[in-house]
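Colleague: So you can see what is in the structure, the chains are spelled out below.
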Amino acid sequence: MRFVYLDNNATTPLHEDVIASMNEALALYGNASSMHAFGRDAAFKIEEARSAVADVIGAPSGSIVFTSGASEANNTVFNIFRERIDLGSKRNRIITTEIEHPSIIETVAYLRGRGYRIDLCPVDNTGRVRLDVLERLLAEDVALVSVMFGNNEIGTIQPIKEIVEMAHKVGAYVHSDATQAIGKIEVSMKELGLDYLSLSAHKFYGPKGVGALAVAKDAPFTPYIHGGHQESGRRAGTYNTVAIIGMGVAAGIAKRDRKDEEQRLWKMREMLRKGIIERIPNVVINGNQEHCLPGTLDVSFPHAEGESILLYLDLEGIQVSTGSACASGSLEPSYVLLSSGVDIELAHGSIRFSFGRYNTEDDVAYVLEKLPPIIKRLREMSAL
Amino acid sequence: MSNFMAQWVYSPAVKDHFMNPRNTWDEKENFVPDGVGDVGSLACGDQMRVMIQVENDRIKAIRWLTYGCASAIASTSMLSEMAIGLTLEDAYHLSPEMITEALGGLPEHKFHCSVLGDKGLRAAIDDYLEKNGLPNPYRHSVAKIVCECHNITDVQIENLVKTKQATTLEELQEITKYGSTCGKCKADIAGLFDELKHIYNV
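Protein chains in written order, with my numbering: chain R, 1 to 384; chain E, 1 to 202.
Just chain R, same shape as in the assembly:
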């Protein structure tokens, strides 16, 4: 059976060079915090990885704090400001957006439940942050502005540079969850003036369970996990040597191939978008078609329900994801789509195709062959 994996925004396979580096690293058992030769060997490799990860986001090595992934990195950032507020800082308000990853949305809900003041800036109907609203929300009492780089569901890329300028004007720090952007579009902390940036290795052909938080030199920091003095006292826990080494290799590849990948992913995405519009009547393309992650295509098929589309595609070996409630375990469809002005029925009938480095134009042709009859069949069966 032919498999076409188009769920690269959920996770990516390991690059073969990453596998090779991790296989080799399995034998490197020394604790990187130990002073002896075995420890130093591991520490050397970890520092190599640190500089590769720093390079891919245009940040100095010293800014990188290794974490268990982007969720921990995001939680760490919010915890830094929670503590500052607890200690009586006059800057006691946080601004983020309605379409952040759950690791931020749920952190916001948790903190709000405990009385913290957090504003969610709305987005326009393409998923871009409403800068006019952000302007009104910003004031001298804002401690942190957190806006994701590119959205995991609809792919919309945010105007980070403008947001940083606006936030810095009132003295607020800025964090961006760049998990979906690494290896796909240019990300430079230095150029953008970002104070914090989160990333996760498994979104760019690295291993799961490892990520990083980059912290600019003058930005405040408080450890989220207390214990040993790993990561210069910024994150306790014995180094996950194998995963960190794998992430370093993945970061090197992401930087090396980024430009070519950006073009290749966009080409396949556009082939699929145009092909769907040509072959299937009445479809709606979600998100922003100008500011979009190159490999992400989110489409709504009115009168066809997303989970059914997903499972019929699965039977043909095509793996995608959906914003439908049926797939989420709740009765609510994707909040990202609803916040971006997508009609509730269209959200239930949405499918996300996300391309990666192992996809080819043949994959697009295969999807364009299998998808139209599935939509036709479901529409014939629909009670709408």
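Because the hints were derived from the structure by calculation, they are not lab data. Treat each hint with caution, since some may be false.
DSS-like, lysine-lysine: derived pairs with alpha carbons at most 30 Å apart [what the hints assert, rightly or not]:
1. R/K376 with E/K60
2. E/K186 with E/K197
3. E/K164 with E/K119
4. R/K376 with E/K186
5. E/K15 with R/K376
6. R/K376 with E/K119
7. E/K131 with E/K197
8. R/K90 with R/K169
9. E/K119 with R/K370
10. R/K370 with E/K28
11. E/K28 with E/K131
Using the hints, position chain E against chain R.
Modeller: Okay, now just chain E, sitting in the frame of chain R:
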């Protein structure tokens, strides 16, 4: 391939009915229904229409349409097979539990999707009886007491939701006084209320 199928979230029967749904409505057939039931709500992602033909007090034929997920499609398909040949009374008493059992079970969060089919069938039977000016002895026969202290049945709550007399839990509480004595039914009734609001698109 077997490994691939084993990773599926649903049972073989669900897959079979999802891939080959039975008794779906087809424009070319010119199916003339004696009763039609529409249930569901787009907001929750499923909408269903059940059409029946009745002969000698029995379901002679059934057709359906659904906008919904794999469990909604499979459970309606299974229901349609189970209902054919049944007396109206037996058909009226087909329950979601009977359908899910015939399907070999559904994941817990998917049980909701199987509730629509039997409601749709009941609505179609109600419609048939009403159109033909026949008495409807079944409507209250499936009642189950949900609040023991105040002797409140699910049918009572269903009617209050259906007729929009209770559009919020507070209104329902005011009308029925449910849960105001021992209170142990509160969570169940809140769940039932949400389910019914969904089914009747309130």
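Colleague: Hint by hint, note whether the structure agrees.
Modeller: Hint-by-hint comparison with the structure:
1. R/K376 with E/K60: holds (29 Å)
2. E/K186 with E/K197: Judged against 30 Å, a Cα distance of about 16 Å means the pair holds.
3. E/K164 with E/K119: Judged against 30 Å, a Cα distance of about 17 Å means the pair holds.
4. R/K376 with E/K186: violated (44 Å)
5. E/K15 with R/K376: holds (19 Å)
6. R/K376 with E/K119: Holds: R/K376 and E/K119 sit about 27 Å apart, inside 30 Å.
7. E/K131 with E/K197: holds (25 Å)
8. R/K90 with R/K169: The given pair, whose Cα atoms are some 17 Å apart, holds under the 30 Å limit.
9. E/K119 with R/K370: violated (34 Å)
10. R/K370 with E/K28: holds (25 Å)
11. E/K28 with E/K131: This hinted pair holds, its Cα atoms lying about 25 Å apart.
Of the numbered hints given earlier, the model fails hints 4, 9; all others are met.
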